[in-house]
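Protein chains: 2
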Amino acid sequence: MKRNVLIVGAGGVAQVVAHKCAQNNDLFGDLHIASRTLSKCKMIIDSVNDKDAMKTPGVFEAHQVDAMDSGAVAELIRSTDATIVINVGSAFLNMTVMTACIETGAAYIDTAIHEDPAKICETPPWYANYEWKRREECEKAGVTAILGAGFDPGVVNAYAKLAADEYFDRIDEIDIIDINAGSHGQWFATNFDPEINFREFTGEVWSWQGSKWVSNKMFEIGKDWDLPVVGTQRAYMTGHDEVHSISQNLDVPNVRFWMGFGERYITVFTVLKNLGLLSEKPVVTAEGVEVVPLKVVKALLPDPASLAPEYTGKTCIGDIVKGEWQGAAREVFIYNVADHADAYAEVGSQGISYTAGVPAVAAAMLIATGEWDVKKMANIEELPPKPFLKQLDTLGLPTHIRDEKGDRLLSF
Amino acid sequence: MKRNVLIVGAGGVAQVVAHKCAQNNDLFGDLHIASRTLSKCKMIIDSVNDKDAMKTPGVFEAHQVDAMDSGAVAELIRSTDATIVINVGSAFLNMTVMTACIETGAAYIDTAIHEDPAKICETPPWYANYEWKRREECEKAGVTAILGAGFDPGVVNAYAKLAADEYFDRIDEIDIIDINAGSHGQWFATNFDPEINFREFTGEVWSWQGSKWVSNKMFEIGKDWDLPVVGTQRAYMTGHDEVHSISQNLDVPNVRFWMGFGERYITVFTVLKNLGLLSEKPVVTAEGVEVVPLKVVKALLPDPASLAPEYTGKTCIGDIVKGEWQGAAREVFIYNVADHADAYAEVGSQGISYTAGVPAVAAAMLIATGEWDVKKMANIEELPPKPFLKQLDTLGLPTHIRDEKGDRLLSF
Chain A
1 MKRNVLIVGA GGVAQVVAHK CAQNNDLFGD LHIASRTLSK CKMIIDSVND KDAMKTPGVF
61 EAHQVDAMDS GAVAELIRST DATIVINVGS AFLNMTVMTA CIETGAAYID TAIHEDPAKI
121 CETPPWYANY EWKRREECEK AGVTAILGAG FDPGVVNAYA KLAADEYFDR IDEIDIIDIN
181 AGSHGQWFAT NFDPEINFRE FTGEVWSWQG SKWVSNKMFE IGKDWDLPVV GTQRAYMTGH
241 DEVHSISQNL DVPNVRFWMG FGERYITVFT VLKNLGLLSE KPVVTAEGVE VVPLKVVKAL
301 LPDPASLAPE YTGKTCIGDI VKGEWQGAAR EVFIYNVADH ADAYAEVGSQ GISYTAGVPA
361 VAAAMLIATG EWDVKKMANI EELPPKPFLK QLDTLGLPTH IRDEKGDRLL SF
Chain B
1 MKRNVLIVGA GGVAQVVAHK CAQNNDLFGD LHIASRTLSK CKMIIDSVND KDAMKTPGVF
61 EAHQVDAMDS GAVAELIRST DATIVINVGS AFLNMTVMTA CIETGAAYID TAIHEDPAKI
121 CETPPWYANY EWKRREECEK AGVTAILGAG FDPGVVNAYA KLAADEYFDR IDEIDIIDIN
181 AGSHGQWFAT NFDPEINFRE FTGEVWSWQG SKWVSNKMFE IGKDWDLPVV GTQRAYMTGH
241 DEVHSISQNL DVPNVRFWMG FGERYITVFT VLKNLGLLSE KPVVTAEGVE VVPLKVVKAL
301 LPDPASLAPE YTGKTCIGDI VKGEWQGAAR EVFIYNVADH ADAYAEVGSQ GISYTAGVPA
361 VAAAMLIATG EWDVKKMANI EELPPKPFLK QLDTLGLPTH IRDEKGDRLL SF
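For the record, the sequence lines run as chains A and B. Going by this note's numbering, the first residue of the first sequence is number 1, and it counts up by one from there. Going by this note's numbering, the first residue of the second sequence is number 1, and it counts up by one from there.
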C-alpha cells in the first residue's frame with residue numbers, strides 16, 4: 001500500500017525529515033510538507049531537489065497551513081491522501097495535529113511533548129498532561145500515534161528498552177546523557193528555536209529518583225562524564241520528556257537526564273534570565289511599545305538553521321544504564337555519535353537537527369512496513385527496539401555499546 | 001540681584017540639584033523645575049518639602065516642558081524670569097536648552113556633553129562636536145555657559161586645574177579614577193539611566209596619550225588602583241568628556257579616564273552587547289513588533305532612583321597627577337569620598353546622583369555671587385578652582401589630597 005506522508009513544520013528538523021523521506025520515498029508514496037510559511041516549505045523541497053535526494057521519481061509538494069487549526073490540518077490530510085503525518089513543527093501543535101490524525105485515521109508521529117504557549121515550562125507528569133489523556137481515543141479510532149520519536153526522547157528510549165530486554169535482569173538507574181561537543185563558531189547561538197530552547201531551562205529541573213519526582217534548580221547539579229569520542233564533558237541535570245515515560249513504562253526507579261552546557265551558554269542564560277529577558281510576560285518600554293522580552297532575544301539571535309554550514313564537531317547521546325544481570329552488577333553505555341559536518345553534507349542541516357529528524361523518519365518507515373503500525377498510542381520504549389535501531393543504522397545513526405567487553409558497534 | 005533658577009530634568013541628579021538649590025535659596029530667588037513629565041517634577045518638590053529643605057520661605061514650582069523644543073524652553077525661562085538654567089535632563093537636550101539660554105540671556109550649566117540620540121557613542125573631540133562651536137555665540141550674547149559641571153566631568157577638572165596651579169610646574173599625566181565601591185543589593189542595576197550608561201561603553205575607548213587620541217576596546221585595559229578608604233579597586237580605561245577638555249585647556253600630553261567595574265557588570269555588559277541587546281537599531285520580532293532592544297533592557301532593569309534607599313558604601317573619585325615640581329618628580333592624588341547612605345539621608349538620592357548634582361549647584365552659586373559669572377562659555381578647568389572647591393566643601397563634597405606629605409583634607 002502506498003503511504004503518502006505529510007510533514008508538518010519547516011524548520012531544521014523538518015529539513016532533515018524531508019531529505020530522509022525523499023531518500024526512502026519508494027517505501028512511502030507522495031510526499032507533502034506544510035507550515036505557516038509556504039516559502040520555507042518550498043525552500044526545503046528545493047534543497048531536496050538540489051541534492052537529487054528522491055530515490056524514485058515522485059511527488060513532493062509544499063502547502064500552507066495553520067497547524068493550530070485542527071480542521072485545516074484534517075482537510076490537508078484528506079486532500080493529500082496522507083496516511084502518515086510527521087509532526088516536527090512547534091511544540092505547541094501536538095494536540096491540534098493529533099486531533100486531525102484521529103479524525104482522518106492517519107498515523108501520527110512527533111518528537112517532543114506538547115506545550116502550552118502560555119506556560120513557561122510544563123511540569124511532570126509530562127506525557128500525562130496532554131498526550132496520554134488521548135490513549136483510549138487513539139485505540140478506539142485504530143490510530144497509530146508514536147510519541148517522542150526524535151533522538152531524545154526517541155532513540156534513547158529504544159536504548160533503554162534494549163537494555164531492559166537484552167542486558168539486564170533488573171535496571172536500577174538510567175542516566176541519559178546529551179552532549180553536543182560541536183562548535184558553530186558564533187559567540188552565542190541556540191541549536192534550535194531559542195524560545196523553545198530557553199523555555200526548557202527556565203523552570204525547575206525534575207528528575208525521577210527513588211521512584212518519585214525530585215526538583216532541583218537549573219545548573220544546580222553538574223557532573224563530568226567520561227564519554228567515547230567526545231572525551232570528558234560536563235553535563236547538568238535537567239528535566240526531559242522521556243524521564244517520565246521511561247520511568248513509568250519500564251518501571252525504573254531512577255531516571256535522570258543530563259545535558260551538556262559550556263560556560264558561555266551558562267553565562268548567557270544566567271544573565272538573560274536574571275535580567276528578565278527570558279520572560280514570556282510582555283513589558284512596555286518608556287516609548288509605549290509592548291513586547292515579550294524573549295521574542296526580542298529570539299529576533300536578535302542567529303537563526304539556528306543558519307549555523308549548519310559552519311558547524312563542526314560531534315554529538316554524543318546515549319544511556320548509561322546500571323542494574324543487575326545474571327546475579328552481578330552491570331553498567332552499560334548505549335549511544336550514538338553523530339558528526340555535524342557529515343549531516344550538513346548529506347541533508348543541509350547540523351547534527352542536532354539530524355539526530356532529531358532521522359528517527360522520526362525511521363518510525364514512519366516502520367509504520368509503512370507495518371512493524372510499528374500498532375493502531376494505538378505508544379511511546380518508543382513500548383515498541384520493539386531492534387527494528388528501529390536497525391533502521392537507524394541504515395539511515396546514518398548507528399548504535400554503539402560500551403560495557404565490560406569494551407566499546408563496539410551493535411548490529412541488529 | 002535675585003537670580004531665579006530653572007532646573008531642567010527630573011531624574012536622580014535633578015532631585016539632588018533641587019534639594020541643594022532649596023538649601024541655598026537665599027542666594028537664589030524663585031526655584032523652578034521642568035521636565036517632560038510634570039508628575040516627576042512635583043514628586044521632587046514634594047521631597048524637598050518633606051525634608052523642609054528650603055532655607056528661606058520661597059517659591060518652588062513644577063512645569064511641564066519638551067526641552068527638545070528650544071522655543072518652549074525660552075518661553076519658560078521668560079515666564080519664570082529665570083537667569084540661571086541648570087540642565088540636568090537627558091544628554092540629548094544640551095543644544096536646545098543652550099539655544100534658549102543664548103536667546104534669553106540666562107546663564108547655562110550642564111554636567112555632560114551633548115549627544116545625538118541617533119548615535120551610539122560620540123567620538124572625540126567631544127566638546128568640539130557641539131558645544132565649542134557655540135563659544136563665539138555665547139561670548140557675543142554675554143551668556144555664561146559652564147560646561148560639564150558635575151563630578152566627572154566637573155570637580156575632577158577643577159582638581160586638575162588646582163594641581164596645575166599649586167602642585168606642579170609641569171604635568172605629564174592625569175589619570176582620572178571613578179570608583180563606586182557601593183552596593184545596591186540588586187543582582188544587576190545601573191546607577192543612572194541604563195540607556196545612557198550602556199551607550200557610554202558600547203563604542204571605542206578613547207584616551208589622550210602622547211598628545212594624540214588613542215583607541216582601545218572596552219575592558220581591554222584594566223588596572224588595579226590602590227585608593228584611600230575604598231582600598232584596591234580594578235578600573236578600566238574608558239572614554240570620558242573631560243579627557244578632551246582637560247588635555248586641550250591645560251595642555252597635558254596624557255589624560256586617561258578609568259572607571260571601576262565589578263565582574264558582574266562586565267559579564268552582563270558583555271552578554272548584552274554581544275547578543276545585540278544594547279543596540280539602538282530597531283529589530284522586528286517574529287510577531288511583527290518593532291522595538292529597540294536597548295529600550296527593552298531599560299524597561300526590565302530596576303529604576304536607578306529606586307536603588308537609593310538600600311544603597312550602602314562609598315564612592316571615590318579623583319585625579320592621579322604626575323609631573324614635575326621644583327625640579328623633582330611628583331605624584332599627587334586629589335579626590336573626594338562620598339557615602340551613599342549619607343546622600344540618601346540628606347537629599348533622598350544615592351551617591352552617584354549626589355556627586356553629579358551637588359557641583360552643578362556649586363557652579364550656580366558661584367554664578368549668583370558673580371565669581372564664575374564669566375559671560376562666556378567655559379569648561380571647569382578654565383575657571384578659578386578654589387572658590388568652587390570651597391563651595392563644594394560646604395555643600396558636602398570635601399577635597400582630599402594624598403601626596404608625599406601623606407593623606408589629608410584640603411581647605412580653601
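Keep in mind the hints are simulated off the structure, nothing from the lab. Some hints could be false.
[Claimed, not checked] In silico DSS-like cross-links for lysine-lysine, where the CA-CA straight-line distance does not exceed 27 Å:
1. A/K273 / B/K273
2. B/K295 / A/K295
3. A/K273 / B/K295
4. A/K375 / A/K140
5. A/K295 / B/K51
6. B/K390 / B/K51
7. B/K295 / A/K281
8. A/K273 / B/K281
These numbers were taken from a predicted model, which means no experiment stands behind them.
Sort out which numbered hints this structure fails and list those numbers smallest first.
-> 5
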